[in-house]
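Residue numbers (this note's numbering), protein chains in the order written: chain A, 1 to 346; chain B, 1 to 202; chain C, 1 to 363.
A few of these clues could be false.
[Unchecked claim] Pairs of lysine-lysine, DSS-like flavour, derived with a Cα cap of 25 Å:
1) C/174 - C/129
2) B/99 - C/108
3) A/170 - C/113
4) A/97 - B/99
No lab work stands behind these hints: they were computed from the structure. Note that this is a predicted model, so its numbers are computed, not measured.
Residue-level listing of the chains:
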Amino acid sequence: MENNKKNIPEGESPKPAAPKPKPVEKVKKEKPKPQIFLLSSSPHMATVDNVPKIMWTVIAALLPAVTFGVYNFGFSVLLTITASVLAALATEAVVNKMRNKEITVSDGSAVLTGLLLAMTLPPGFPKAYAALGSIFAIGIGKQIFGGLGYNIFNPALLGRAFLQASFSVKMTTWVAPNTIDAITTATPLGSYKFENIMTPYFDLFMGNIGGCIGETSALFILIGGIFLLIKKYADWRIPVSYLGTVIIIGGLFWIIDPSQYPDPVFHLFSGGLLLGAFFMATDMVTSPVTPKGAWIFGFGAGVALVVIRLFGGLPEGVMYSILFMNGFVPLINRYTRPKYFGEIKK
Amino acid sequence: MAKKITLSREFLKGLWDENPVLRMLLGLCPALAVTNSAINGLSMGLAVIFTLVMSSAIISLARNIIPKEVRIPTFIIVIATFVTIADKMLAAYFPDISKALGPFVPLIVVNCIILGRQEAFASKNSVSRAVIDAFGMSIGFTITLTILGSVRELLGVGTIFAVQIMPDSFEPWMVMVLQPGAFLTLGLMIGISNWLNAKRAK
Amino acid sequence: MTKSYRLILVLTMTAILSGLLLSFLNLHTKPLIEAHQNNVLKSALSSVLPNSVKTEEKMIENQQFYFGYDKQNRMNGIAFLAEGNGFQSKLRILVGMDETLTQIVKIKILEQKETPGLGTKIETDPSSKSDSEWFPNQFDNLNVQQSISYVKNQEADKSNGEIMAITGATISSKAVVDIINATLNKNREIIRRNTDLTAVSCPAVAGVSENVIIPNLIAEDSEIIVIEGKSYYINRDNSGKVTRVAFTASGVGFQSRIKVLVCMNPDFSEIQSLRILEQNETPGCGTRIIKDIKNEMGQEWFIKQFNGLKVTQPVTCVEKSPKKSNGEVQAISGATVSSETIVDILNNSIRNYRYSYLKQKAN
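Chain A on its own, in the form it takes in the complex (with noise of 0.2 Å):
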């Protein structure tokens, strides 16, 4: 216990960080890991998880899709992983030294936040831009609230959302996988939305299509992906909760009008939904920390995300689904708060 509180004060935790201005006392029953923060009674149970292994844990399980980005995409993608993840630290120990707090550079959270930027950027995408986001994400997404454990949004994605008002253009040239020459391709979103041709599902599947760098592949999200749930690094109720409304209301309105809907299988397997599912709704610090607020959350999420992709002006809605999702998160954790033994409702 003693060891897992010197994270505390730093907000580290990607569980429900007890120094969140959240009321997560109580909460903890329902939680896959609920020994570490809890401000129960005792007793209390050690635990050797902590917010470096949690967070250097999920990196290991993005690193299937990295891999196949690289791979798919070729080597300069690396680069811009490289530069993201770079800039990321390198933000981080400045704001840290700034603030005159405790270099957090090793805990692996800005790491993963800038890999997780690089993932959801196009593969030719400028590399001092790419490290700018991550200067914005990490600076304004996550330090300015107050370090790890205070940010109200997904920093990453939040550094997307800068890049993307920023760079419009660039955020949207997409090249074709495996061609030396970057050829320019549209998305299967963007062909969907904007030329009516469906991409056939085994390339959606296996990533052979073009995209972000690390969302192509559906197969190798999701291996990563069970791998955090299996771990429970990840509440399974997000990404089920999130995905299972997208194909039943996607599916909703594919029954409606097949001719002018896709099916909820390319919904599913297209653009970075996955990716947001697994790895980005389900960031411990700005989802809801109660299990009734998670599927809430994963179906608000849901719902914001068809209607983007469907009536929207953009093709994809993964980023602002989820960002729009952050921004209710404190309200969803007050109205699903437990309540507490002998409690009389008001």
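Following the hints, complete the assembly by docking chains B and C onto the known chain A.
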């Protein structure tokens, strides 16, 4: 009112200690909405200088005539008159700026800075003091808006007052001239000013 | 009592003074503001109708039109305002077109507040070193026989009404195209309905009103016989032998009823000639079924195709290189619906009239 304050202090307080945007967080609507370029920020500021100084002068002159019960309607009529003058003059002589500022010139009427200064200062002080206070406040407002507009224009377009500053290879950060850029920049500016104040207080 | 008098007095005086001041100001600024607005419109008009020496404003069916005239006072262009919603703001576009409303001369974006740096490229694109107004300039001399469409990441075919969308601002580009298309369609309708206002100097539109002249095909000596409720116009030679049977038939074209007069051999095997008696198709598009001013095969190439056409099998409409022996005619590109309507009218009516006529003859 603290009469001991010298006139120069009365002027300077608007620039920093009581800066309407950075310290009092007044008039944020135009500060956020029109500052996508330095020239827009400056022209908005100039319109506010005109309106605030003229209204303050008139209100201060008439402060002993205006009955307490109808002071707010009277202030509003006076302010609205000068705002309309500013709006019409802009439309007649600087149509491009008038187009760029859109509805925000007429909306100066409801800008808290102006009504606030009448209520808190002009209606209780002599004309010279009121005018100096109005100049200080509105110049503080103008400087803040111009800086805000310059930063956004520099990063979002690569120019300041339409003069190319950034090298050709610079890719503009589009977000800075969009609405989020206004919030980001203003937030950081308020943060920096707080930080400077905290440092000075030490 | 004196207190409330004072309240009223102060407020009233303030309001009166303010009102006086503002009225004087208005006297001074109003002409300036109006002159400015007029200048904006004037310079915009002269840029979208560069060949006109004078323009005339006309309100037709609540829609403002600006007709441009050349030195001989002939109408040589029509301009109108197109308004609609873009990505995030209202767009106002002044569209200058030729007098037949089939070709855009130039457009000018009068008002837009799209996303700076992206959607604003519909007006100017500072990032393009060669031509900062490349997007609006694409509309120069754009052929719009039907409607404008946009393409992405490929060369646009200007003769086919295509323009290239702005990368990263597809929605704004699409909005410009949609707004112009919608307004153009509406305005074509209005111009067509009010043809006599403009007919004198508007050839394609004038063609519409020409169709009321029934050709002298039905000779005065032709007799009318009625078989099973159908009217036949019969012509005989001196020996009394039937040389020609004619009848009228109609159907719904692209946007109007089309009525034709069909003259046939007495055995109904061949069309002698075809005339269109009535139509109100899209000026410059569908109206080419009677008059195609721009075709080198002659203005009436379409209906002339039917002269001597064998109709022992149904007539078909093909896109190009028709075989007359197979009963094929060529459709007007850009007016396929109107062309096909005529073929359908023919096929249906010939079958019908042939059956009744031959049955009667056999008896």
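Outcome of the hint check:
1. C/174 - C/129: The given pair, whose Cα atoms are some 23 Å apart, holds under the 25 Å limit.
2. B/99 - C/108: holds, 17 Å
3. A/170 - C/113: holds, 23 Å
4. A/97 - B/99: Violated. Residue 97 of chain A to residue 99 of chain B sits at ~46 Å, over the 25 Å cutoff.
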